[in-house]
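Chains as they are written, first to last, in our numbering: chain A, 5 to 220; chain B, 725 to 961.
Quick caveat, the hints were computed from the structure, so don't treat them as lab data. Every residue gets a Cβ at the ideal spot worked out from N, C-alpha and C, and that includes glycine. Honestly, I wouldn't trust all of these hints.
[As the list claims (entries may be wrong)] A few chain A residues facing chain B, derived, Cβ under 8 Å:
(1) ILE33
(2) VAL79
(3) VAL82
(4) GLY181
(5) ALA184
(6) MET193
(7) SER196
(8) ILE201
(9) VAL203
[To be verified] Computed, partial: chain B to chain A, Cβ under 8 Å:
(10) THR744
(11) MET748
(12) LEU795
(13) TYR799
(14) ALA800
(15) LEU804
(16) ILE813
(17) ASN848
(18) SER860
(19) PRO864
(20) THR865
(21) TYR896
(22) VAL899
(23) ALA917
(24) ILE918
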Amino acid sequence: MGLLSKKDSKLILDPLADNNPITIQVLGICSALAITAELKASIVMAISVLFVLGIGNVVISLMRNIIPSKIRIIVQLVVVAALVIIVDQVLKAFAYELSKTLSVFVGLIITNCIIMGRFEAFALANGPWRSFLDGIGNAAGYGLILVIVGFFRELLGSGTLLGFPVLGNPIPGELSGLYALGYENNGFMLLSPMALIVVGIIIWVQRSRNKALIED
Amino acid sequence: MEHLELFLKSIFIDNMVFATFLGMCSYLAVSKKVSTAVGLGAAVIFVLAITVPLNWLLDQYLLQPGALKWLGAEYADYDLSFLSFIMFIATIATMVQLVEIVVEKFSPSLYNSLGIFLPLIAVNCAILGGSLFMQSREIPTLGLATVYGIGSGIGWFLAILAIAAIREKIRYSNVPPALRGLGITFIITGLMAIGFMSFGGMLTGGDEAPKEEKTVKVEEPKKDTDKELANNTKVNE
């Protein structure tokens with residue numbers, strides 16, 4: 005990392021594991037769970053949040069000295085809302101089907117706690133470059149969990165990844181792959197409760213590996 | 725009848741927390757004690773009951789394609805729906821501030837119990853989600869929009885009350901160390917969501933698509949015990 009000093013790269017790498025926004029800081033779970041039934045939707049959501057949080061952090065950080073602290077929440081909401089409108093319009097123009105799947109959850113990026121959380125905790129106190137790195141890092145940590153959850157739910161729930169069948173052909177009469185051995189998809193993975201349970205298991209695994217994170 | 729149906733549906737079937745995961749952040753952060761959970765839950769009902777009908781009016785007379793017709797024929801083909809995010813969130817943020825000021829002036833005791841939660845609410849996804857779902861489900865009248873707002877609020881209230889009660893009890897259980905706190909809360913919420921799925925056939929009398937029936941049936945035995953668990957805890961508390 006010649007480009008980044010040690011302190012800067014810490015900003016990006018920390019949120020990926022030991023300070024992950026979802027599993028440790030408990031932020032941004034709202035929109036994270038509902039759209040993870042498919043890997044593709046998870047990836048698009050992760051990229052959207054990356055865009056909004058990266059740019060939003062820079063904008064807020066540039067304005068941090070001129071925002072009166074009493075109305076800062078409204079100012080922040082307006083900045084996020086403007087960015088989210090851009091994301092929403094781009095999705096509607098270039099990936100209409102996907103924007104139907106994501107439905108209101110694109111709009112809900114506005115109230116995603118990660119975004120307000122990072123604005124409040126970081127961008128209001130730091131310069132634009134460091135805020136940008138912090139935004140990218142946190143959004144990447146968020147996206148990582150989203151992709152992991154989406155991967156398992158789509159694989160176990162419908163036997164596909166990104167829409168491609170990876171476990172064989174499940175249609176009766178022309179069975180192949182694992183299905184020929186008697187494997188069946190677990191449709192339950194596609195229902196909402198399993199998203200919560202999968203995240204619970206990720207937290208379990210992460211905290212068993214790193215004992216310092218255990219709460220009492 | 726239509727109103728009652730939407731009311732029950734928004735509380736149980738489309739429960740904000742269990743079916744759409746809205747407001748999870750505050751749901752997880754403020755559910756350690758029953759008393760604070762009640763405060764936040766009441767504030768959510770209050771704000772949803774005000775903002776959903778208000779945003780319905782905005783949507784109907786300002787944002788929808790053709791909504792500006794009342795200004796004159798030349799405005800009839802304007803479509804401002806891309807502005808809905810920013811309009812909704814601005815309405816919510818101002819309403820929350822306004823409610824805070826009004827409540828502080830007229831009912832200091834209510835302010836003391838709700839007060840600290842009100843600012844939190846502006847960024848609660850359940851509130852914006854309520855308005856966005858109202859828009860995407862095309863709720864036809866102002867009355868239904870109000871009912872939808874109140875119903876979703878009550879659903880959220882029930883969910884946070886139940887999880888707070890369970891979390892108060894679970895302190896005395898022997899949970900694996902790595903699952904303590906956040907992990908077990910996630911898994912309990914998942915189990916409660918399975919319980920709430922049993923309300924799915926409530927309004928249709930169980931005449932759902934056969935495919936859905938099958939998935940639900942597999943989980944039948946588990947589901948009942950979970951629901952009982954949730955109910956018991958509520959009763960004990």
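Hints the structure fails to honour:
2, 4, 5, 6, 12, 13, 14, 15, 19, 20, 21 and 22
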